[in-house]
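Q: With the hints as extra help, turn the sequences into a complete structure.
Protein chains: 2
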Amino acid sequence: MLNLAKITSPTLLLNEQKCWANLKKLAQQAAKHNVQLAPHFKTHQSAQVSQWYRDYGVKAITVTSVKMARYFAEHGWDDITIAMPINIREIKAINTLASQIRLTVFVNSVETARLLHEQVTAPLPFYVEVDTGYHRSGVASDDTEEIRAILAAAQGSQLQFTGFYSHAGHTYGATTYQEVKRIHQETLQQLNQLKEIFQSEYPNVQLSLGDTPSCSLMDDFSGIDIIRPGNFVYYDLTQHFVGSNSVEEIAICLAVPVVSVHPERKEVVTHSGWAHLGKDSLTNEAGKSWYGYVVNLTESGWSEPLEGAYVAKLSQEHGTLHLPDNYLEKVKVGDLLGILPVHACATVVMMGKLTTLSEEVLSTMI
Amino acid sequence: MLNLAKITSPTLLLNEQKCWANLKKLAQQAAKHNVQLAPHFKTHQSAQVSQWYRDYGVKAITVTSVKMARYFAEHGWDDITIAMPINIREIKAINTLASQIRLTVFVNSVETARLLHEQVTAPLPFYVEVDTGYHRSGVASDDTEEIRAILAAAQGSQLQFTGFYSHAGHTYGATTYQEVKRIHQETLQQLNQLKEIFQSEYPNVQLSLGDTPSCSLMDDFSGIDIIRPGNFVYYDLTQHFVGSNSVEEIAICLAVPVVSVHPERKEVVTHSGWAHLGKDSLTNEAGKSWYGYVVNLTESGWSEPLEGAYVAKLSQEHGTLHLPDNYLEKVKVGDLLGILPVHACATVVMMGKLTTLSEEVLSTMI
Chain G
1 MLNLAKITSP TLLLNEQKCW ANLKKLAQQA AKHNVQLAPH FKTHQSAQVS
51 QWYRDYGVKA ITVTSVKMAR YFAEHGWDDI TIAMPINIRE IKAINTLASQ
101 IRLTVFVNSV ETARLLHEQV TAPLPFYVEV DTGYHRSGVA SDDTEEIRAI
151 LAAAQGSQLQ FTGFYSHAGH TYGATTYQEV KRIHQETLQQ LNQLKEIFQS
201 EYPNVQLSLG DTPSCSLMDD FSGIDIIRPG NFVYYDLTQH FVGSNSVEEI
251 AICLAVPVVS VHPERKEVVT HSGWAHLGKD SLTNEAGKSW YGYVVNLTES
301 GWSEPLEGAY VAKLSQEHGT LHLPDNYLEK VKVGDLLGIL PVHACATVVM
351 MGKLTTLSEE VLSTMI
Chain U
1 MLNLAKITSP TLLLNEQKCW ANLKKLAQQA AKHNVQLAPH FKTHQSAQVS
51 QWYRDYGVKA ITVTSVKMAR YFAEHGWDDI TIAMPINIRE IKAINTLASQ
101 IRLTVFVNSV ETARLLHEQV TAPLPFYVEV DTGYHRSGVA SDDTEEIRAI
151 LAAAQGSQLQ FTGFYSHAGH TYGATTYQEV KRIHQETLQQ LNQLKEIFQS
201 EYPNVQLSLG DTPSCSLMDD FSGIDIIRPG NFVYYDLTQH FVGSNSVEEI
251 AICLAVPVVS VHPERKEVVT HSGWAHLGKD SLTNEAGKSW YGYVVNLTES
301 GWSEPLEGAY VAKLSQEHGT LHLPDNYLEK VKVGDLLGIL PVHACATVVM
351 MGKLTTLSEE VLSTMI
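If you read the protein sequences in the order shown, they are chains G and U.
Note that my numbering numbers the first sequence so that position 15 is 15, with each residue one more than the last.
Note that my numbering numbers the second sequence so that position 3 is 3, with each residue one more than the last.
Calculated from the structure, these hints are not laboratory results.
Bear in mind the structure is a predicted one, so any value in this text is a computation, not a measurement.
We treat Cβ as the ideally placed atom computed from N, Cα and C, and that holds for glycine.
Residues on chain G that point at chain U, a partial pick, calculated with CB under 7 Å:
#1 T8
#2 N87
#3 N108
#4 P257
#5 K279
A: Structure follows, in structure tokens:
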């Protein structure tokens, strides 16, 4: 039970029941489709939260940086993939870590393969990241010449080719199930084509993908070996509007003190700026940005979103909430409200720690 | 001298010479106009940086939260104003701090004045924040009835009326000197009108304002006693485009490793996401968002912005930089580039510490 009277400043709440249900849902999704779940830990960045995944059979994990890999290695994880083009300037730390755990990296260019060939001193499995349409990083999925050149440059070193990875991040901009499905099918097709081409030479070639919308929503994972979604652990409003989750499944909520009430413009100011919530926004029908739903807090968690209420503006520490008259009448200076975040990963990065509904404080590496 | 070879991951650099020049410029501006400089410390949030201000005669400071006030109080500052509607839920911490230093708060409503009247146990000076057009918080500057009610509710308690404060935050959206000037003049006029009304009853009533554009650019501070700008310590591209500073005056730069080069779309990917840079953007002529200028790094700092280069996209840890062909030809995986931030306050919040050009690492409260 949460003692709301003890909350005096912006506090990130975690409903652990909702979180466990989200973990269970994805673990069941992975089991159903016979793929391994190697979840991305960049969303929570918490050693304590990471232990909860073990109950759902998770053994291998995904991170975004050498620093994050080291943090989770120090907390007992020994099979970690860094899902970002590897940063060769960190080769010393990479070598150290690769000698301690199974560390897998992304090698996306001949140049990187050559540099690693010269400098790597411990066995280093790697994926070639392929670009299946998101156009952020990775080799174009039809550029088999470049892929062959990367594999050739890696030969004779401690580098071990594992397979192909794609992050179809363009699903985050999708607004319908059909759109997610189309992107997912295109990704599947391109990855499987590569498997077909390289399987004779590399019989153990694995396919992996990582976006939360596809992993939450899709029913076809043909040919895929490992999925690496991250956001599903908490979910958020961005994922809700893509269709990945219901609002009820969102597992975190920012508790914020009301510092000022402005009925004349239907606003209250809370201590909750971008320094607490992050700056991610969604756009309403009138084309205006908004930054979160508003909920009431109770000792057992939080309510459904207050109809018509939303976070309208953010400064560094001021949050301006729009409230309809029926809510505005009841709210006063010193009250506590809750905000459901647009982007859970960002809110976690800003807040750094979480308080569960049973009042345990969970730390993160931030 | 900076040893670039030692920089292996995203690192926030601080050119201390530029920083000192910025401090000097604002101190001279304050002296010229005979106003006290009580700078806002939310931009740097660093005990070490805070000591530099002492060389420029700074004795009183401004912060955004009780937590930040406590941090700077612990580092030797004894005259601190919290420039945000006071959060009554933190009354215990406020009372403790107010018994140790001169702590000044904002009381913007009768409700807050009544709650403080009941609960405050140490002398607590306060401003009434007035809204001169930004419409974030504060009493409407022409609502003298509300102001009188606040002052009446404060009577007979430890609350001490100090004066009126206005943050004309709408100058941050200004694009011309004339626009900043118009907003500033309106603010001056409204504040001075209040002084006139309340001076007979409160002969020591002070006027204070705080936005960096006005404080950097304006030449008329008639009637103003204290200015509280913050961003000027580092400046940034937002302030540059408002006109507050030249690009050369920007004192911080994010050093970022190149992890991937994509000549086919004139892009490089660097390890520099919103988790490092913050998510603030500016909009180019085509209506597209961008997130920073790109510079070359040297052992003595950084170059002018590379012409035509900019940060085009940000994920959590990936930064996508657009580079024209002439720069793209030279850049390779493992190189280091620099990014000048759109919003210095945000980049500091994300990075948490800074490395000076003489390789001293400065911590912050983050």
